[in-house]
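First to last, the protein sequences are chains H, U, B and Y. So the mapping is simple: this note's numbering equals the position in the first sequence, first residue as 1, plus 3. So the mapping is simple: this note's numbering equals the position in the second sequence, first residue as 1, plus 3. So the mapping is simple: this note's numbering equals the position in the third sequence, first residue as 1, plus 47. So the mapping is simple: this note's numbering equals the position in the fourth sequence, first residue as 1, plus 47.
Take these hints with a grain of salt, some might be off.
Said to hold, decoys possible - Restricting the straight-line Cα-Cα distance to at most 35 Å, the calculated cross-link-like pairs of lysine-lysine (DSBU-like) are:
no., chain 1, residue 1, chain 2, residue 2
1, U, Lys283, U, Lys308
2, U, Lys352, Y, Lys303
3, H, Lys238, H, Lys12
4, B, Lys299, B, Lys271
5, U, Lys238, U, Lys20
6, H, Lys155, H, Lys12
7, U, Lys308, U, Lys126
8, B, Lys303, Y, Lys299
9, B, Lys330, Y, Lys93
10, B, Lys299, Y, Lys299
11, B, Lys86, H, Lys271
12, H, Lys355, B, Lys372
13, H, Lys355, Y, Lys94
14, H, Lys155, H, Lys20
15, Y, Lys330, B, Lys357
16, B, Lys98, H, Lys272
17, H, Lys108, H, Lys126
18, H, Lys238, H, Lys27
19, U, Lys355, B, Lys94
20, Y, Lys303, Y, Lys372
21, B, Lys86, U, Lys126
22, H, Lys155, U, Lys202
23, B, Lys372, Y, Lys357
24, U, Lys126, U, Lys315
25, Y, Lys299, H, Lys355
26, U, Lys315, Y, Lys271
27, B, Lys330, B, Lys277
28, U, Lys126, U, Lys272
29, H, Lys283, B, Lys86
30, B, Lys357, H, Lys52
31, H, Lys308, H, Lys271
32, U, Lys52, Y, Lys357
33, H, Lys271, H, Lys283
34, U, Lys202, H, Lys202
35, H, Lys155, H, Lys27
36, U, Lys52, U, Lys108
37, Y, Lys330, Y, Lys271
38, B, Lys277, B, Lys303
39, H, Lys271, B, Lys94
40, H, Lys126, H, Lys238
Keep in mind that the hints were calculated from the coordinates and are not lab data. Model, not experiment: these values are computed from the prediction.
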Amino acid sequence: MQEQIETHKYSEAEVNKSLADSEKIEFLRQMVRIRRFEEASLKYYNAGKMGGFLHLYIGQESIAVGTASLCGDNDHIITAYRDHGHALAVGMSMNECMAELYGKKTGCSKGKGGSMHFFAPDKNFWGGHGIVAGQTPLGLGLAYGLKYNEVKGASLCFLGDGAVNQGSFHESLNLAQLWELPVIYIIENNGYSMGTSQKRSSAFNNCLAGRGDAYGIEWDVGKGNDIYEVRAKTKEAMDRAHNDSQPTILEFDTCRYQGHSVADSNAKKYRSPEEIDYYKENYDPINVWKNSLLEEGVIDENDYKEIDNAAKDEAKESATFAEESPFPEPSAITDDVYFEVDNQTESGKQGKHFFHD
Amino acid sequence: MQEQIETHKYSEAEVNKSLADSEKIEFLRQMVRIRRFEEASLKYYNAGKMGGFLHLYIGQESIAVGTASLCGDNDHIITAYRDHGHALAVGMSMNECMAELYGKKTGCSKGKGGSMHFFAPDKNFWGGHGIVAGQTPLGLGLAYGLKYNEVKGASLCFLGDGAVNQGSFHESLNLAQLWELPVIYIIENNGYSMGTSQKRSSAFNNCLAGRGDAYGIEWDVGKGNDIYEVRAKTKEAMDRAHNDSQPTILEFDTCRYQGHSVADSNAKKYRSPEEIDYYKENYDPINVWKNSLLEEGVIDENDYKEIDNAAKDEAKESATFAEESPFPEPSAITDDVYFEVDNQTESGKQGKHFFHD
Amino acid sequence: MALTLYRQALNRALDEELANDEQVVIIGEEVAEYNGAYKVTNGLWKKWGDKRVVDTPISEAGFIGMGIGASMMGVRPVMELMFFSFAYVALDQMINNAACVRYMSGGLINCPIVIRGPANAGTSVGATHSHTPENLFANVPGLKVVTPATAHDAYGLMKSAVRDNDPVYVMENTLLYGDPAAASDLPDDEFTVPIGSAEVKRQGTDVSLIAHGRSVIVALEAAKQLDEEKGINAEVVDLRSIRPLDEETILKSVEKTNRAVLIDENKPFCGVSSQIAATIQEKAFDSLDSPVLRVTSIDAPAIYCPPLEKEQVPNVSRVVDMVQKLG
Amino acid sequence: MALTLYRQALNRALDEELANDEQVVIIGEEVAEYNGAYKVTNGLWKKWGDKRVVDTPISEAGFIGMGIGASMMGVRPVMELMFFSFAYVALDQMINNAACVRYMSGGLINCPIVIRGPANAGTSVGATHSHTPENLFANVPGLKVVTPATAHDAYGLMKSAVRDNDPVYVMENTLLYGDPAAASDLPDDEFTVPIGSAEVKRQGTDVSLIAHGRSVIVALEAAKQLDEEKGINAEVVDLRSIRPLDEETILKSVEKTNRAVLIDENKPFCGVSSQIAATIQEKAFDSLDSPVLRVTSIDAPAIYCPPLEKEQVPNVSRVVDMVQKLG
Ligand SMILES: Cc1ncc(C[n+]2csc(CCOP(=O)(O)OP(=O)(O)O)c2C)c(N)n1
Ligand SMILES: Cc1ncc(C[n+]2csc(CCOP(=O)(O)OP(=O)(O)O)c2C)c(N)n1
Ligand SMILES: [Mg+2]
Ligand SMILES: [Mg+2]
């Protein structure tokens, strides 16, 4: 369990000192939006509006918001299936996200991806990936693309504490260091992979990020609930990526409040409700941030309520939008499989591409 | 390049001090047998007697012989495709090995495996595996089997310096440490994976074995050409396996004199012939060992000649044996696919197992 | 009489085999303390303890390869893949090691390993989680693949799989785990269903519906509807085992009905039904009154959209329509 | 006129595409300084330098996944698998990422990646190095698979593959690289062979021999022998592309000859020829005078023993015998 939070050790970091009040408020708004969106999605999931999995990010919002806040035009983000937070943090609308959960044509992935597969390449957001650690070589590839085209940018590739034990992640680490690629692996360590505590899944020295030592990769570990700390440590890594084209592994401690997915019937068995309650009470990223802004005099309680109400309304409206949106037509099942077919190029017209009856 | 060999630093190690002269001579004999066997196999390969690949172990003999010399009834060995040395070191006959290279019915694998796939489970030798690092989870499984059945033993799993970049190896390391399995990963670092030097393939701190730090696994690195050192360091790891059921990573520097495989047309391009010559001159494991035994007065030049001639004869005879052995019958193509079919059990008689015309 | 659900039948089979043979060990992600992501191993850890039921990190290549290595030594691991879709990160181990090591060693080594888990689409978990790789594995000589459709067969095939001395991949189905239509009335006494035997699940005269896995349940419903609404008397053949394959039962049925429609959740190109169609046309050519037709998944990655995914996988109305196309 | 070898044709195609498009980059084990394990990339590193031709560590999942990620950003990587058999350690990336990301993103992302390398048995490199996974990949919607049999097609298909905006897996053959029977007289001007078009490589009237990859060369020789020794005039159809598939050309041929023998180095169960047989019997049912027969690899892991492996893969005498079985 983390120690009681000190007043933000990293508030004086360069990248934080220069923050305008409006920016700080924006972080709060983003975190609240994520939480309210997810609460709404849970509600409508339980009402039978969605299928499949729903992995909620509640409790971890500061990481997506803090890291995304540093991203410029040439910085890119890719993550696993617990992707709603990152999607909203990069600027995707609640409407397109909620509609995706409903499987609607107006969803960000036209109802084809679902909860685990949100995408917005126009916002440098490359998904949303369901196979544990499967996104880690892709994140490396984004960095490869940047370096190949001599663009000064970084690829922020998120993964969970359980994902560090997949071989593809290690292969990626070796390549990242060997080829000096500007990728930042960000381990969101919420202490559990499904029902397995970190100590039952991973052998290590120091911490999970410390596995970087095997490859001589720079690494750091920090408190994930403190936006100041997330930003300060991520900024260092981004500088390393931008200026030296070097990879970094970051690890942020955090906590997911909900079960692994909505279908996690064991959510209250493998860890005690007290563990979560204690965290919520003392470390909740939204509370912590809200309290600092109150202390700093950047907002008052009323401002917060407004932000919160606006987020709730937005979430509710997104559900209405999703509800009222049409499902894709059955013929859409075979769209978006091949670029060349979709665009009816010469290549797309040659030969038979689909083989069902 | 290694430093000039000191007189064996490890000759006084417990495990070496107690060696009888006959044992020391036996090590020499084994190394010479491996070399002569492989020289013969190269000759007959070039004469068109074999197909496929032929990865020669020449230059690395001290590692197989030194490690195998420590193995008791419950210690097991598994390696990659460069497996002739390990096969002979565990006691397989030249005849069955050469016949395998010829693809003959009398081969250790009945002509089905070839050079990369020698096996002798009765001698605790589990192959011979062609997919780089594919044997590393299997080696873990051997250790699992030992521990599961509460047998005090170790699994010695060999791999190359290029194999350390496969994900399955890392997954195995984590599992080995997490579950305290008695596996010893032995990296035979000959500096190259095919034409790629180690520095072009691997990022690391310290050395390749040092990647064990990522998992808190004990590791050590040593000179591979010195049987005393190989035995001393392996013994420590085996004690750790036997007594504490803990894994180890060992790395031994070594040198392969031949190309990656016989078909390595670039063998003289990616490293200079001088690099090999220098090694041969100064570090050749057979020479080094022979010279110590001469110095120690354990053998004289004549003894060596006898050993050498016997090995050459044995190799030559194995080629005659192989030559005179029959190929398997065509019907053998579909034998050894299923245990149940081969043994015509009830299960093996049910349904159709093979689907060609 | 209390029916046993598919999930419970698997659980009972595993429990009994743990009792029957000390070398049997269950290994996989969340199989122990969590009781299994889909509760197939429910209660087994509590009953059998840490040694016999083992939770793993998310390292499929590592732990499945480990299981194969242990099986070479005589341990009999039953590995769970939380989804068979995750086989793709462990494929090298599952093909090159499990399927080839016996052969490459000239028969010196065998791998009595079971790898099991759900392999199906239809639950809106998206393309990466909805693969049906029975065709892919059955392509590989050295492997056995079974796809039980009912609790009875799930129980009997699982027991056969654990006792078999070759690698057997048991492909289950998340939709069948709790489906009353797949539940069975199991006898109290142990029994097995042999690997490599198909079963005629419904007798008929007009057309053979040949299916495996959940498609069998679809076929049975379709047969009922065809009977009631169209007066067509369909026979339903459940392959049960994909490799080895019971060609005899297939051919006998087609020789009787002279028509076949294959129902197959696989993607069509080189799916299991391609193989069955190729076989039927080859070996029952003169019995066929019309071409063998197929109802497969619509040929795209599994779509998330729940109502559309129900159209994507074979369903009753697509089967009924296809049977009528036979003319 | 100097014939171009299959290997040289690939080399020329890659060289030209490196020149045509700065986003094209060749990545793989030993492709640069070593000039390729099979010399397909010979000279390219020297000519194009470190940026365009890149050697990798032995980390197929890592570097292929990386290539897929880079392709999402607009880079056009041409990845070499030293053997396509090594795809099995990278399968998750090759299926779940390359094939599914366009779909799961509703068409927002595409992956213009080429993965190429030899995919064949017949060279005594053993079971683990002799896989022919064209059926496995062609099963996956989202992927394209081509299997050139001649230098002409290798050149033309490789260029099409590099220019295609979908993932294309080009399966070559170590036995064809230097085979004079696969060499072609290439024009000096650039050209492409469209993906998805089969070619009748020999006109005939009595039976259609349908094949892909090196089996086309076998089929052509068998056709010659059938003609000379048995007076049977066989047509040889080269699929060239497995997915997309040119069904039209296949069906046209069978409608003409009324008989088909498929020659396929795949293992038989759910091999490519299973799919072709299923298709022919479905769509040319009334044209068929006898069942579609198949000559595939003998159904076991690839044997090492060199003379036996020549029996294991399809060869001329097995094809000639099978054609005569048609009656
Ligand atoms: C290769 C693979 N194996 C297993 C799974 C099933 N699975 C999905 S999420 C998960 C736990 C991952 O935990 P962690 O990486 O800590 O991420 P978190 O869920 O905590 O965000 C598992 C086992 C999967 N999706 N992919
Ligand atoms: C997964 C995989 N990728 C590539 C290869 C081809 N290959 C065989 S050996 C080898 C080099 C391995 O080098 P190293 O591990 O150092 O062993 P060494 O040959 O030096 O003994 C390569 C690339 C393979 N067999 N398996
Ligand atoms: Mg976690
Ligand atoms: Mg090496």
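Hints, one by one, checked against the model:
1. Lys283(U) - Lys308(U): holds, 19 Å
2. Lys352(U) - Lys303(Y): Not satisfied, since the Cα-Cα distance of roughly 42 Å exceeds 35 Å.
3. Lys238(H) - Lys12(H): holds, 15 Å
4. Lys299(B) - Lys271(B): holds, 21 Å
5. Lys238(U) - Lys20(U): It holds: about 13 Å lies between the C-alpha atoms, which stays within 35 Å.
6. Lys155(H) - Lys12(H): Cα-Cα ~29 Å, so holds.
7. Lys308(U) - Lys126(U): holds, 29 Å
8. Lys303(B) - Lys299(Y): With a Cα-Cα distance of about 32 Å, the restraint between Lys303(B) and Lys299(Y) holds, given a limit of 35 Å.
9. Lys330(B) - Lys93(Y): Since the Cα atoms of Lys330(B) and Lys93(Y) sit roughly 56 Å apart, the hinted pair is violated (cutoff 35 Å).
10. Lys299(B) - Lys299(Y): holds, 32 Å
11. Lys86(B) - Lys271(H): holds, 16 Å
12. Lys355(H) - Lys372(B): holds, 22 Å
13. Lys355(H) - Lys94(Y): Distance ~38 Å between Lys355(H) and Lys94(Y) Cα, so the pair is violated.
14. Lys155(H) - Lys20(H): With Cα atoms ~24 Å apart, Lys155(H) and Lys20(H) stay inside 35 Å; holds.
15. Lys330(Y) - Lys357(B): holds, 27 Å
16. Lys98(B) - Lys272(H): holds, 21 Å
17. Lys108(H) - Lys126(H): holds, 20 Å
18. Lys238(H) - Lys27(H): This hinted pair holds, its Cα atoms lying about 16 Å apart.
19. Lys355(U) - Lys94(B): violated, 38 Å
20. Lys303(Y) - Lys372(Y): holds, 19 Å
21. Lys86(B) - Lys126(U): violated, 41 Å
22. Lys155(H) - Lys202(U): Status holds; Cα separation ~26 Å.
23. Lys372(B) - Lys357(Y): violated, 44 Å
24. Lys126(U) - Lys315(U): Given that 35 Å is the threshold and the Cα spacing comes to 24 Å, the pair holds.
25. Lys299(Y) - Lys355(H): holds, 15 Å
26. Lys315(U) - Lys271(Y): Not satisfied, since the Cα-Cα distance of roughly 49 Å exceeds 35 Å.
27. Lys330(B) - Lys277(B): holds, 29 Å
28. Lys126(U) - Lys272(U): violated, 39 Å
29. Lys283(H) - Lys86(B): holds, 30 Å
30. Lys357(B) - Lys52(H): The hint holds at about 15 Å.
31. Lys308(H) - Lys271(H): The hint holds at about 31 Å.
32. Lys52(U) - Lys357(Y): Since the Cα atoms of Lys52(U) and Lys357(Y) sit roughly 15 Å apart, the hinted pair holds (cutoff 35 Å).
33. Lys271(H) - Lys283(H): holds, 15 Å
34. Lys202(U) - Lys202(H): Given that 35 Å is the threshold and the Cα spacing comes to 33 Å, the pair holds.
35. Lys155(H) - Lys27(H): holds, 26 Å
36. Lys52(U) - Lys108(U): The hint holds at about 14 Å.
37. Lys330(Y) - Lys271(Y): holds, 28 Å
38. Lys277(B) - Lys303(B): Given pair Lys277(B), Lys303(B) holds - Cα atoms ~20 Å apart, limit 35 Å.
39. Lys271(H) - Lys94(B): holds, 21 Å
40. Lys126(H) - Lys238(H): holds, 20 Å
When held up to the earlier numbered hints, the structure conflicts with 2, 9, 13, 19, 21, 23, 26 and 28 and fits the remainder.
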